[in-house]
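Participant: From just these sequences and the hints, can you work out the full model?
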Amino acid sequence: MAFDRRTFLKTTATAALAAAFAPHVRAADAKPLRVGLIGTGWYGKVDLLRLIQVSPVEVVSLCDPDQKQVSLAADIVAGRQASKKKPRTYGDYRKMLAEKDLDVCLIGTPDHWHALTAIAAMEAGCDLYLQKPISVDVMEGRAILDTARKLNRTVQIGTQRRSTPHLIDAINQVIKPGLLGRVGHVDICCYYHMRANGNYPVHAVPDYFDYEMWTGPAPMRPFDGPPDNYAGLPHLRWWRTFMEYGNGIVGDMCVHMLDTARWMLDLGWPKRISSNGGIFVQKDGKSNISDTQSARFEFDEPYPLTVSWEHRTWGSAPDPDYPWAVFIYGEKGTLKASVGKYEFFPVGKGGKVEKTPTMTGKNIVELDKYPEDEDTQARGGDRDASSAVRGQMRNWLAAREHRADPVKGRPVADVEQGHISTASSILANLSMAVGGRTLTWDPATHTTNDAEANKLLKREYRAGYKHPSA
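So the sequence shown is numbered by my numbering: it starts at 2 and just counts up by one.
Take these hints with a grain of salt, some might be off.
[Stated by the list, open to error] Computed list of lysine-lysine pairs in DSSO-like fashion (alpha-carbon distance at most 30 Å, straight line):
1. Lys363 with Lys177
2. Lys101 with Lys69
3. Lys284 with Lys456
4. Lys353 with Lys337
5. Lys356 with Lys370
6. Lys177 with Lys87
7. Lys467 with Lys69
8. Lys86 with Lys96
9. Lys177 with Lys350
10. Lys69 with Lys96
Since the hints were derived computationally from the structure, they do not count as laboratory data.
Bear in mind that the values here come from a model prediction, so they are computed numbers and not experimental data.
Facilitator: Structure representation (structure tokens):
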């Protein structure tokens, strides 16, 4: 059976590619959208500044428990938005949302805060741009999805590979024409040395930082981490090395590539998930996320397919050109795809894959149009992903204006798609937590066949915070 991508019956990748670069046009008499951002760290600013580039919005509110960080963000925004006005700043998102004067809200907090802030923002009347992964546990994600549907909010997730021009081109040029033939397996991977590790001492909490607010529903860890030079404070990057706040490399990087594979091949929920791994090499230090992990996602619909994940935060990548990537294997060829490029290698004579690709595509960098994309010093830039983030923003804004339409009203990275990719990645970690047993997933009931794993679908919140599925 040749590959059949049903999604293109509704909305084609050609249209998606055009939308990624088309300017967002609102009615001439429409007032600028009023925007707020919760979480003003690196990617919070990346998302917000790309939004400013594509639409005449007015950023009115910024929130972060770090006074230095939110003040820096306010200065940057004032220099970028047309009005030159400096946004109001808050340390508590509840006070910001209580103003009820926002049309849209972006959320770039650490993962452990995604669920409560997302739901509160939607309840305050906002459409939402929510960074991935949408949740730390599976039931948080379901609560976010249920709230979005109940309140009819347009929610775009920051899985911006779905708006990456060269990957859309790969769908148009390779997948959609059937050049792969029958697809039976996909490899996804990350070999970046991105696992923070060390035995840093406990610091005094600085007076400009509300550590209680930052911790929120997560367990209260000692305030440790790299020295306070404001380039590596504990809450700026160190948090990703602890399972208390997220789901390790699987929750951070697998969710992107699993989502990419699902999008490119029109896959829904996996039926079975299994995973093994642990801390095998980087045993020194406080980090408790895995440094080595494999996961297997088995799909039955719309056709049998397996997706295998592998990460190592040490050693070298098997394919140095694709250290964080998707490899799609078809009977007629192999498609390699990453943030930077794609290549299609057809099967030649004797069933051997050709060494030279017949089709290629590279990432589009638009520094000529947007030189500010290079602004990594202020942690407000991500040059290589900027065109994709702009496309994601344009798609989100267009979907807002068609929310009554069952097709056009759902953005390309709709909250349901974000929930599937996030929950699937979390289930891989749960499989590893129960000894690598294969979990059979029932999306209708949101349960597995494993009683021990089911107890882990919802995490305990710290005293004073209520889980949204409670």
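Participant: Now tell me if each hint is right for this structure.
Facilitator: Hint check results:
1. Lys363 with Lys177: holds, 19 Å
2. Lys101 with Lys69: holds, 25 Å
3. Lys284 with Lys456: holds, 28 Å
4. Lys353 with Lys337: holds, 16 Å
5. Lys356 with Lys370: violated, 36 Å
6. Lys177 with Lys87: violated, 46 Å
7. Lys467 with Lys69: holds, 29 Å
8. Lys86 with Lys96: The given pair, whose Cα atoms are some 20 Å apart, holds under the 30 Å limit.
9. Lys177 with Lys350: holds, 23 Å
10. Lys69 with Lys96: Holds: Lys69 and Lys96 sit about 18 Å apart, inside 30 Å.
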